[in-house]
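Student: Spelled out, the chains give:
4 protein chains.
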Amino acid sequence: TQGLTVIAGPCQLESLDHAQMIAGTLSEACAAAGAQFVFKGSYDKANRTSLSGKRGLGMEAGLKVLQAIKAMGLPVLTDFHEPAQAAEVASVVDVLQIPALLCRQTDLLLAAGATGAAVNVKKGQFLDPYGMANVAAKIASTGNDRILLTERGTTFGYNGLVADMRALPIMGRTGYPVIMDATHAVAFPGGLGDSSGGQREFAPVLARAAVSLGIAGVFLETHEDPDRAPSDGPNMIRLSDMPALIESLMAFDRLAKANPLHV
Amino acid sequence: TQGLTVIAGPCQLESLDHAQMIAGTLSEACAAAGAQFVFKGSYDKANRTSLSGKRGLGMEAGLKVLQAIKAMGLPVLTDFHEPAQAAEVASVVDVLQIPALLCRQTDLLLAAGATGAAVNVKKGQFLDPYGMANVAAKIASTGNDRILLTERGTTFGYNGLVADMRALPIMGRTGYPVIMDATHAVAFPGGLGDSSGGQREFAPVLARAAVSLGIAGVFLETHEDPDRAPSDGPNMIRLSDMPALIESLMAFDRLAKANPLHV
Amino acid sequence: TQGLTVIAGPCQLESLDHAQMIAGTLSEACAAAGAQFVFKGSYDKANRTSLSGKRGLGMEAGLKVLQAIKAMGLPVLTDFHEPAQAAEVASVVDVLQIPALLCRQTDLLLAAGATGAAVNVKKGQFLDPYGMANVAAKIASTGNDRILLTERGTTFGYNGLVADMRALPIMGRTGYPVIMDATHAVAFPGGLGDSSGGQREFAPVLARAAVSLGIAGVFLETHEDPDRAPSDGPNMIRLSDMPALIESLMAFDRLAKANPLHV
Amino acid sequence: TQGLTVIAGPCQLESLDHAQMIAGTLSEACAAAGAQFVFKGSYDKANRTSLSGKRGLGMEAGLKVLQAIKAMGLPVLTDFHEPAQAAEVASVVDVLQIPALLCRQTDLLLAAGATGAAVNVKKGQFLDPYGMANVAAKIASTGNDRILLTERGTTFGYNGLVADMRALPIMGRTGYPVIMDATHAVAFPGGLGDSSGGQREFAPVLARAAVSLGIAGVFLETHEDPDRAPSDGPNMIRLSDMPALIESLMAFDRLAKANPLHV
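From first to last, the protein sequence lines stand for chains W, R, D and G. Numbered according to the working numbering, the first sequence spans residues 15 to 277. Numbered according to the working numbering, the second sequence spans residues 15 to 277. Numbered according to the working numbering, the third sequence spans residues 15 to 277. Numbered according to the working numbering, the fourth sequence spans residues 15 to 277.
Note that these hints are calculated values from the structure, not bench results. What you are looking at is a predicted structure, and each value in this text was computed from that prediction instead of being measured. Even glycine gets a Cβ: it sits at the ideal position worked out from N, Cα and C. One should not assume that every hint holds.
As the list claims (entries may be wrong) - List of simulated lysine-lysine pairs, DSS-like, C-alpha gap at most 30 Å:
#1 W:78 to W:59
#2 R:78 to R:59
#3 R:59 to W:59
#4 R:78 to R:68
#5 G:59 to G:78
#6 D:84 to D:68
#7 R:271 to D:271
#8 W:68 to W:78
#9 G:59 to D:59
#10 W:271 to G:271
#11 D:59 to D:84
#12 D:68 to D:78
Stated by the list, open to error - With beta-carbon atoms standing in for the labels, derived distance ranges:
#13 D:48 to G:206: 40 to 48 Å
#14 G:144 to W:15: 33 to 41 Å
#15 G:144 to D:78: 36 to 44 Å
Isolated chain W (complex conformation) (with noise of 0.2 Å):
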């Protein structure tokens, strides 16, 4: 079995400089702790809560970022939207990403099996984790089975999400690699009426939690002012306190590959 991997990056493509820097800083303490590194950055906001929140930098700057990145020879993922995306998108990340509320659009995975690249697929706020099995054989009918399956947090009443732990193993049992999203799971979807909350300070309770499951991977978004990201700032980790997280989450996968559990 493998040492965890960490998808991590700011939620929003800000700029090629902001990007290097986080990149830079993730990097290291991703060599440092012994984890692979794999840099995630979205040039789309594509659903945001309400029209007046900034959507990003958009598909051509943004990918010419995540060409920087890959150049400081970083494996690199972002999320798409509609299947057109699909090939030009694949032509420079490594992992391209299903947003959750598009995990059962048919087109979307069966355009990202297509491509020949490693898909992540968040699962939806709305489907149970036994669901996930039919959104990856989407992908796989396209002879793809480079997939990966992200729980993010179930919707729980109206603006709250609750992250299920036995969605990991349920989710493992397709046999393909499943990653812990711990900083949407802390969210509060709409919960500011025109943007979300959310809890960052239960972001490592989540990540510690599943990373103890003996999961292949864990996703987390920073940003070194959080409170003045453009998106997602309740939920973010501040990348001042990442080296130490990702140090901690290591030791626990360590120790999780040792034990792994039989469900």
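Mind docking chains R, D and G on chain W? Use the hints.
Tutor: Relative to the frame of chain W, chains R, D and G by itself:
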């Protein structure tokens, strides 16, 4: 205040004959009961639970069927799934529908609004009813305020939905007409493993409860033989039960509109 | 089929004068509207959110107040909390009520049944509506089948409840009369930290939706000045709003009972 | 910081021999692993799903069994259901337990506190974790601050529960030791119609996730043949699986306590 609108039809368009038969039956029933009728039919089920589920006629063939229903003098509604489809679909239909899972996709909402057609947005299973004001504002930003907002249930545990009657007056505060989708709200999403289950016997319950609150319309999927329908059979109403249901809903509509709630 | 019963009164009994004033107002309103009236008042709030909340008059003083209301020719209902209280309470009241959180306590149900009084059980916030058949069977095992089953909302995330209209006909399948508690169902349990919040403006919404389904009765808490009530103020209906509400509910009741649902 | 406490035993006490057998096995396993052990057994299942479910030995016989386990040098815990039972039960047991459904019954909490025994309160399935501060304050008002707070899952749709890992550090902010009940949290309440279902295979998942957060203890029900247990069989852990589970939990406990979370 206007009388109740009934948006109804099969889950997916199956053939011209089938659509005409259903449209004819429903049109007569609505005329007899004094309800306004809008025919509903999907040309593509773009987010089936599993890849093995039938997707439907496709856009080209589906729009031909809808054109023929229009030629019967009936307004028609269909859902679409990508911004690029909006204009072509709007060249045929009276009402463009935004699927629940896509209700926060900004580009889809803007594309719908830009056609100038009426736009019916299903509230996402993951969204609180107050959040629909932000959704409507995205459409209204195009200068199109012919917007309808539809309740179709909120995620309630795994494979469950619950229809909160408070959502109807809450969405009504936007000033836009509010619709109750009483058949999707009784589905058990993914509950049969490869497809959704449902409790069609409770669709009239939710429809009546909602209509008693004085809403603008009710959305009902129907089939002459629901157990053999290509999708959503478990929660569709038998076509032969529709006339009596519509007639009784009209009685509650009249009473409700004579006794408006002030919320 | 019988006309609607209105079970109503303050959340907690405050004094004889206060109870008589409320009973008188409600009794007149029900008589004018043609509804059957049952006065409701609690002598002990045994499970307040916090120790600082007022518990009430206590059993002895409370039963005296209820006795006086009975002397006005009105049937009375109160809740009790321990098996040993059943007989004494039943010596005064017409209907013993089992609190929602206690609805599975076997000894309490058996003690209530053994008195021979009518027993109204609130469905627990943690219970599915099908489970109420097991609850009723515990009472019926005593030979007492004067049982009423009340919906008052189901846990929906943290500090939230949702009233599922399907629960009413599901509970109705037991053959016992079904009641909608429309004021507790709009509470936010614990939502104010030391006490519950609520949205009293939606109580008439839930009441009307439920009554339109043809249920036996509606349960409403009321106060002449809800914002100063010792408990449950945020979700109680202003006493001066009750006559018009009862009158409109009766209109929906008549229509519902002329158009029975077959579920 | 102290090492992990394991509170474990059968759901209900069946006989002296049975209790001694289980206590002996668990005591050895805990000693071998370095865990502190508290024996758990119920003398009365006072809120079975249905009247047909076995209630148990009763208080008198049950306390004799617990006395015998105590004579083995082991601390014992049991739950009680009415204030009047508190003193007698506390004359035998080390820890009085408040059942989840009764966690807001003020008199029960006060009676437990007044005994001076340690009091373990299960968080209600209907309660948010912040609300447990109010619950603990009721007990502490008696001058007894030997309080433990236990997570056992929150209502999640019908017949479902979900264990929110955030609840553990939230309850920990009270300063009282926090316990994870990993077997009740995998139950499906009422899921089998006349009794609860469950997924015992996920109890070790929730136990490990919780222990990795550095909690005080874990609560586990166990049986040598869970499928024949008189209650809660579907979610109990096989006794023969307990030693390895406890040993692995201790490894996570040591790592967690060497890496405290700061929430």
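Student: Just to be careful, I want the Cα atoms of residue 78 of chain R and residue 68 of chain R compared with a cutoff of 30 Å; is the pair within it?
Tutor: With Cα atoms ~19 Å apart, residue 78 of chain R and residue 68 of chain R stay inside 30 Å; holds.
Student: So if I understand the rule, the pair passes when the alpha-carbon distance is 30 Å or less; does residue 59 of chain D with residue 84 of chain D pass?
Tutor: Between residue 59 of chain D and residue 84 of chain D the Cα gap is close to 21 Å, so the pair holds against 30 Å.
Student: At the C-beta level, are residue 144 of chain G and residue 78 of chain D separated by a distance inside 36 to 44 Å?
Tutor: 38 Å, holds
Student: Hey, residue 59 of chain R versus residue 59 of chain W, does the alpha-carbon distance stay inside 30 Å?
Tutor: 25 Å, holds
Student: Would the hint linking residue 271 of chain W and residue 271 of chain G be met if the CA-CA limit is 30 Å?
Tutor: Distance ~19 Å between residue 271 of chain W and residue 271 of chain G Cα, so the pair holds.
Student: Starting from residue 78 of chain W, check that the Cα of residue 59 of chain W is at most 30 Å away, please.
Tutor: It holds: about 17 Å lies between the C-alpha atoms, which stays within 30 Å.
Student: Starting from residue 59 of chain G, check that the Cα of residue 59 of chain D is at most 30 Å away, please.
Tutor: 25 Å, holds
Student: Are the Cα positions of residue 68 of chain D and residue 78 of chain D separated by 30 Å at most?
Tutor: Holds, at about 19 Å.
Student: With a cut-off of 30 Å on the C-alpha distance, tell me whether residue 78 of chain R and residue 59 of chain R pass.
Tutor: 17 Å, holds
Student: Are the Cα atoms of residue 271 of chain R and residue 271 of chain D separated by 30 Å or less?
Tutor: 19 Å, holds
Student: Quick one, are residue 84 of chain D and residue 68 of chain D close enough, alpha carbons at most 30 Å?
Tutor: Answer holds: residue 84 of chain D to residue 68 of chain D is near 25 Å, not above 30 Å.
Student: Taking 30 Å as the top limit, are the C-alpha atoms of residue 68 of chain W and residue 78 of chain W close enough?
Tutor: 19 Å, holds
In this structure, none of the earlier numbered hints is contradicted; all agree with it.
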